[in-house]
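Asks: If you read the sequences in order, they're chains A and B. Under my numbering, residues 1 to 168 are what the first sequence spells out, in order. Under my numbering, residues 169 to 579 are what the second sequence spells out, in order.
Keep in mind that the hints were calculated from the coordinates and are not lab data. Hints should not be assumed to be uniformly reliable.
Some chain A residues close to chain B (C-beta under 7 Å, calculated; not the full set) [stated by the list, open to error]:
(1) Arg-9
(2) Ala-10
(3) Tyr-11
(4) Phe-12
(5) Ala-14
(6) Ala-16
(7) Ala-17
(8) Trp-30
(9) Glu-34
(10) Val-46
(11) Arg-104
(12) Trp-123
(13) Ser-138
Owing to the predicted nature of the structure, the values given are computational and were not obtained by experimental measurement. In this text, a Cβ means the ideal position worked out from N, Cα and C, and glycines have one as well.
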Amino acid sequence: MHDRDREFRAYFEARAAVVRRTAFLLCGDWHRAEDLAQTVLAKVYVHWGRLDRDGRVDAYVRKVLVRAVIDESRWRGRRPETVVEAVPEVAAASTGVEEAMDVRRALAALPPRQRAAVVLRYWEDLPVAETAAALGCSEGTVKSQVAKGLGALRRALATKRTVLWEGS
Amino acid sequence: MSDEVRDMIRSALADEPALGLEFEQVVEDGRKRRARRRLGALTAAAVGVVAVVAVAVSGTFAPTSAPPAGMLSTSPTTVTSSVAATPGCVTESMTGGFPDLPRGTATPAELAESGRLTEAFRQFPLPLPAGVEATPLRLCAIDGSWGGDFRLTGDRSVFVYVRPLGGQPPAGCVLYTPETRCSAKVLPDGSTARVTVEPGAEATLVSADVWRADGTYVRVTETGGRGSVTRVLDDDQLTAIAAAPQLKVQVAGGPVPPAPSDQRAAQLGSVLAAVIPPGLKVERTPADEALMFRVRQGGYRALANLTDSAGTGWVMVNLEKPGAGEVDCGGRATCRLVDLSGGRKAALDTVVEGGVTRLSLNAKAADGTWISVQTSNVADTGGASDAPTRPNPPLAEADLVRIAELPHLHW
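Please put together the full structure from these sequences, using the hints given.
Replies: Here it is in structure tokens:
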């Protein structure tokens with residue numbers, strides 16, 4: 001195996017699942033997330049030498065993922081492709097999967113850039129500057145998108161998670 | 169709050185299925201992509217990458233048998249075309265392989281130039297080695313630039329890209345790999361030519377960039393499919409194509425804005441300080457000097473926290489390179505248009521949510537520079553907090569307007 005492949009394998013084994021999770025949070029579908037992850041990782045392989053040397057692999061992955069999801073949503077009419085149902089009014093003793101569905105619907109209801117801003121800031125735990133770089137916008141826009149996104153999530157999940165963001 | 173949000177997001181992953189990604193599959197996909205990229209991506213379906221606006225070209229290149237003097241190893245290509253005027257064409261928006269991202273549309277002037285360049289290039293005797301033929305080249309509009317590709321006998325392709333020179337100076341060599349070879353020279357007419365060869369394990373990629381004395385920049389790139397390491401055109405032949413007088417861009421258009429520079433950022437300097445209301449103390453944010461412009465994300469940006477007795481807030485001023493488009497509110501209910509000096513307009517947006525107030529102004533300077541000014545009542549502390557740090561933003565709408573009207577605030 002070439003050094004290039006060996007190095008890339010190490011990255012793949014460490015990060016493939018993480019990449020797919022982020023892809024899922026951005027697109028809301030595990031199958032699509034796997035396709036996205038495959039595409040992104042293949043692109044990483046193409047540029048491996050330069051990305052690895054510059055230490056920009058993760059930043060590149062995030063940028064390509066976000067762009068792919070946002071571009072796709074644009075092609076589909078500038079709105080997110082799912083979420084049409086309202087969050088169920090009541091869920092007594094929700095299971096993990098039910099909870100997952102609620103959060104997933106709430107996330108998917110966000111416009112793509114807002115969703116990406118929230119996921120990158122709070123799931124990937126990126127600083128504002130790096131989130132802005134991934135989204136290709138200003139840091140002010142990131143702050144605005146995150147605030148709006150969190151507000152929308154809070155409203156969507158209010159009946160479900162009374163504790164979440166209480167007092168924030 | 170961030171831990172709670174993270175936990176909430178994590179709960180969305182509760183039914184995560186087993187990972188189906190396989191390393192070998194990804195690598196195979198990556199190798200195919202590399203090969204396609206080497207081929208230039210465009211060659212896979214040269215017909216498909218351009219949306220021909222009008223009818224197809226009927227002219228063809230037909231190599232002649234007698235090479236001209238001084239080109240013993242090559243035979244020139246002459247043109248036989250029955251088309252008096254070649255229609256222009258537009259490169260599709262998702263097409264890669266050119267320095268510019270194709271807009272997917274073209275102005276009438278760009279379309280006309282596309283047709284004229286295509287027609288003119290037919291008159292150029294391509295310097296091809298004996299026995300090598302070339303398919304016709306169509307130079308389609310990209311974005312104030314034009315490009316296309318032609319195939320050579322065998323599996324090699326040549327991509328041609330032209331644009332007005334604008335303010336770009338000849339750049340130094342960019343060596344992507346240790347194997348990259350790069351050389352530059354001044355041509356007899358004063359043009360500067362640079363040839364870059366990237367051998368690569370799977371395909372050899374060769375580019376000739378010429379910053380021409382006639383005001384046109386041309387890049388000619390030869391590449392091939394996977395395993396294609398044997399060049400067809402040598403450095404001089406690629407350079408000769410890039411220097412072809414027929415590729416001079418003649419369309420009347422605005423100059424290309426120069427790339428953002430530290431020098432211009434320094435000139436912009438502290439121009440904003442003059443319009444900060446008295447009583448507000450300018451403080452640096454964790455990421456930036458206080459209100460000093462820096463080159464960021466392809467433009468110029470100045471950031472600061474502003475403090476007075478009411479607390480600390482935040483302001484950001486962004487300059488983006490001059491471009492087309494009009495200032496508008498985009499249908500946002502929170503936005504209204506206001507008049508600036510010189511007949512300009514500005515879109516003023518006020519958004520209040522969760523105790524956070526954000527004011528933003530978008531306008532264009534007289535030279536077309538996009539100006540964006542934002543202020544909020546949340547100080548930039550480098551963290552994720554969006555909690556208000558004062559009752560209102562430190563700057564009012566009138567302050568934002570004053571900033572947008574600063575005469576020296578432009579690209």
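Asks: Under 7 Å, Cβ to Cβ, is where Arg-104(A) needs to be relative to chain B, so tell me if that hint holds or is violated.
Replies: With a closest approach of 5 Å, the Arg-104(A) hint holds.
Asks: Can we keep the Ala-10(A) interface hint, with Cβ of chain B closer than 7 Å?
Replies: violated (10 Å)
Asks: Restraint: Ala-14(A) near chain B, CB-CB cut 7 Å. Satisfied or not?
Replies: violated (12 Å)
Asks: At a threshold of 7 Å, is the proposed contact between Val-46(A) and chain B supported by beta-carbon distances?
Replies: holds (5 Å)
Asks: Under the criterion of a CB-CB separation shorter than 7 Å, is Trp-123(A) in contact with chain B as hinted?
Replies: Result: holds, 5 Å to nearest chain B Cβ.
Asks: Against chain B, is Glu-34(A) within 7 Å by beta-carbon distance?
Replies: Since the shortest Cβ distance to chain B is 5 Å, the answer is holds.
Asks: If you take the shortest Cβ to Cβ gap from Phe-12(A) to chain B, is it below 7 Å?
Replies: holds (5 Å)
Asks: Should the interface hint for Arg-9(A) be scored as holding, given a Cβ-Cβ cut-off of 7 Å against chain B?
Replies: holds (6 Å)
Asks: Using Cβ atoms only, decide whether Ala-17(A) comes closer than 7 Å to chain B, and label the hint accordingly.
Replies: This hint holds: Ala-17(A) lies near chain B, its Cβ roughly 5 Å from the closest one there, short of 7 Å.
Asks: Using Cβ atoms only, decide whether Ala-16(A) comes closer than 7 Å to chain B, and label the hint accordingly.
Replies: Interface hint status for Ala-16(A): holds (5 Å vs cutoff 7 Å).
Asks: Using Cβ atoms only, decide whether Trp-30(A) comes closer than 7 Å to chain B, and label the hint accordingly.
Replies: holds (6 Å)
Asks: Can Ser-138(A) be said to touch chain B, with a Cβ gap under 7 Å?
Replies: At 6 Å from the nearest chain B Cβ, Ser-138(A) passes the 7 Å test, so the hint holds.
Checked against the numbered hints above, the structure breaks hints 2, 3, 5 and satisfies the rest.
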